[in-house]
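Asks: The task is simple: from the sequences and hints, build the whole structure.
Residue numbers (this note's numbering), protein chains in the order written: chain A, 581 to 696; chain B, 8 to 116.
For the record, the hints were derived by calculation from the structure and aren't laboratory data.
Quick reminder that beta carbons are idealized off the backbone N, C-alpha and C, glycines included.
Check each hint, because a few of them may be wrong.
Stated by the list, open to error - List time: in silico BS3-like cross-link candidates among lysine-lysine, alpha-carbon distance up to 27 Å:
hint, chain 1, residue 1, chain 2, residue 2
1, B, K115, B, K76
2, A, K637, B, K108
3, A, K651, A, K589
4, B, K10, A, K589
5, B, K108, B, K10
6, B, K115, B, K59
7, B, K10, A, K637
8, A, K589, B, K108
9, A, K594, A, K651
Claimed, not checked - Just the calculated beta-carbon pair ranges, DEER-fashion:
hint, chain 1, residue 1, chain 2, residue 2, range
10, A, G583, B, N61, 39 to 47 Å
11, B, N37, A, P619, 20 to 28 Å
12, A, T600, B, N30, 33 to 41 Å
13, A, N645, B, Q49, 23 to 31 Å
14, B, R23, A, D636, 38 to 46 Å
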Amino acid sequence: NAGVTQTPKFQVLKTGQSMTLQCAQDMNHNSMYWYRQDPGMGLRLIYYSASEGTTDKGEVPNGYNVSRLNKREFSLRLESAAPSQTSVYFCASITILTSGSYNEQFFGPGTRLTVL
Amino acid sequence: DAKTTQPPSMDCAEGRAANLPCNHSTISGNEYVYWYRQIHSQGPQYIIHGLKNNETNEMASLIITEDRKSSTLILPHATLRDTAVYYCIVRGSQGNLIFGKGTKLSVKP
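Replies: Printed below as a string of structure tokens:
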């Protein structure tokens, strides 16, 4: 199992450019998440997908869109990148147990994005 | 906002136990406490979680007070590779993890 994979690992954009961050998991997890982490801070939730076909906003969704392509893949798109979006982006996935509780959340290695 | 508070940093001597405290005074009765760590800006790594009983696994032990308002993560024999930022987390309503700034643990020779 590869777990959670993310591409690309690094990216430099100019202000106004667009790009899509890709995330895939091979653990058959229901729920997937996108977080961002700014220097010296904890992770903050951008968007999440509780199950295939559904997406919802998190704490900091402005400037982003997401697509839950299938159960495995969850992409994050920046339509017009801004310097404030310079950050490290982490994708995560989890399965919700039948009891309604949660198991451990698995994280990808991150994408380091710089917007000039 | 994070539902937990942790000291910003701690030091520990290699081979000694590292005890990382966490306050979560507003935790509700059915909310679990989770601990994750992040090494060198890698993706966070799960350590342990608990509800009200003490828990132990191959990585650490988790001690939760009887009133559930605080907990302590114990790394029994810290190594240099345990140097990381440790996050004490109460899960959000959407299943997401609500991160604070964590505790930066430095294990020193």
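Asks: Any hints this thing doesn't respect? Which numbers, in order?
Replies: 1, 4, 6, 9, 10 and 11
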